[in-house]
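Peer 1: On the provided structure of chain Y, position chain W as indicated by the hints.
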Amino acid sequence: MLEMLWALGAGVLVIVAIQMMINESFVKETLHNI
Amino acid sequence: MFETTYENGMSYRSASEINSAMGRVYGHMSLAVIVSMFVSYFVGSSPELLAFFFTGWIKWLVILSPLAAIFGVSYVLANNPSKSVAQLCLHGFAALMGLSFATIFAIFTMGSIVSAFMGAAVLFGVMSGYGYFTKQSLDSMGKFMFVGLIAIIIASIVNIFIGSTVMQMVISALAIIIFLGLTAYDTQKIREEVSVETGDVVEIRGALTLYMDFINLFINLLQLFGDRK
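Residue numbers (our numbering), protein chains in the order written: chain Y, 4 to 37; chain W, 765 to 993.
Chain W extracted, bound-state conformation:
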């Protein structure tokens, strides 16, 4: 209705259209988080299922499958699939991620899982709101966080062999800061992307990005502050 078409042929959306597009992004993301938590709880609360998925070679398949799946999902989403295929990719990936994290229900108390989830939701909401409304470009921050993320991965791989709990705590704390920054940066990027006429796949790609930020916030908060059983 208030659409403006510029000389380069791109149609820019009105503010209300951008808001509803962002609403759909958050909707897809929330559903993906629910899928992950449901799968995680379903498997994690059953000793038999935990034993099935987390013993022998199957545990490596379960733990490493999200990493393999993300490359497949990236490939499919880059090739302009239909909305239903894109949704299947997002929620299928969320289910795999939930499965690989089912052990949290065996390690942490239910109270601390709920607290970490609520904490992640509040922090995510604040940072995503900042990214959504700020007029300042977060580009430079995003690049800084990107480098930080690579540093975190290298430090984490080193720590698998060292096994230092202090280092693990420092890594988790840094990961929380990095994913808070990325939440704001990603939200601003997604808002820019949906401000021009785009298809459903762009919204689902945005949802996957925010899903990653949220789950990483949640898991690292749990690692840092969660009470072990």
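Isolated chain Y, as found in the complex:
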């Protein structure tokens, strides 16, 4: 149960990180300009 909670918690965080990577134009611009 505890291990499942950890995996699900990490899963939510990873998905949010992916969303940030895909959706936030600012990140793309910042990385593109460097």
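Just so you know, these hints were derived from the structure itself, not from any lab. Some hints could be false.
[To be verified] Quick list of simulated restraints, FRET-style, between CB atoms:
| # | chain 1 | residue 1 | chain 2 | residue 2 | range |
| --- | --- | --- | --- | --- | --- |
| 1 | W | F897 | Y | M4 | 18 to 28 Å |
| 2 | Y | I25 | W | M905 | 27 to 37 Å |
| 3 | W | F989 | Y | I25 | 17 to 27 Å |
| 4 | Y | I25 | W | K847 | 34 to 44 Å |
| 5 | Y | I25 | W | E961 | 47 to 57 Å |
[Stated by the list, open to error] To list a few chain W residues with every Cβ distance to chain Y over 10 Å, as calculated:
| # | residue |
| --- | --- |
| 6 | S794 |
| 7 | S876 |
| 8 | L902 |
| 9 | I941 |
These numbers were taken from a predicted model, which means no experiment stands behind them. Glycine included, each C-beta is placed from N, C-alpha and C at the ideal position.
Peer 2: Frame of chain Y; chain W shown alone:
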């Protein structure tokens, strides 16, 4: 000193011993949060480091590594490691998590990051305090939140392809509610676990659970209320 040994051989701790064990759990958890925030700030405030970690194939490695690492950490912590190995797992994982979230410093204003952090700390404190002191069993709530968490993950994966900002806001709001509930549930569970004589690893496992709840609260508050640069 006030330890009571019952017939089944388990030694129950006194109230002050339980409080100090819980203090150690919160201590490990706070240190893990500090490690994450430090790594995140260090990488996120440097355009060169951001460019290194978040371009090409490395960005997928960085973003997905916490998910792979959590299975390794689960395996190590389940096999009764020494205290130092367990601490290394917790803080190593916290560092990886911080790295994968370094982009928040490029997306959100510093003011909103600080506000979300403070908000998460207050909400976490209230719910953890509730879980700590309530006499009511939170078991049924925990199971409900567990199912909610699976629903959130499915909805989030679907939303990666849809890209709806409204859906993202609804998901973040639901995630905040779920992790608030889980904070209370997890605190009660950990308090029950440390009420019998346990080793350091149980405390570090508890710290990892509360760390997950806190970071999820923080990130989802930031997603929902944070000001984009």
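Peer 1: Next, verify each hint and record whether it holds.
Peer 2: Hints, one by one, checked against the model:
The hint said 18 to 28 Å for the Cβ distance between W:F897 and Y:M4, and at roughly 23 Å that hint holds. A hinted range of 27 to 37 Å holds for the C-beta pair Y:I25 and W:M905, which are about 33 Å apart. A beta carbon spacing of about 21 Å between W:F989 and Y:I25 agrees with the range 17 to 27 Å that was offered as a hint. Restraint check, Y:I25 to W:K847: a C-beta distance of roughly 40 Å satisfies the suggested window 34 to 44 Å.
Roughly 48 Å separates the CB atoms of Y:I25 and W:E961, a value that falls within the hinted 47 to 57 Å. The claim that W:S794 is not at the interface with chain Y holds, since no C-beta of that chain comes within 10 Å of its own (minimum 17 Å). Its beta-carbon lying about 13 Å from the closest one in chain Y, W:S876 satisfies the requirement of being farther than 10 Å from that chain. With a minimum CB-CB distance of about 14 Å to chain Y, W:L902 clears the 10 Å threshold, and the non-interface call stands.
Every beta carbon of chain Y lies more than 10 Å from that of W:I941, the smallest distance being close to 13 Å; the non-interface claim holds.
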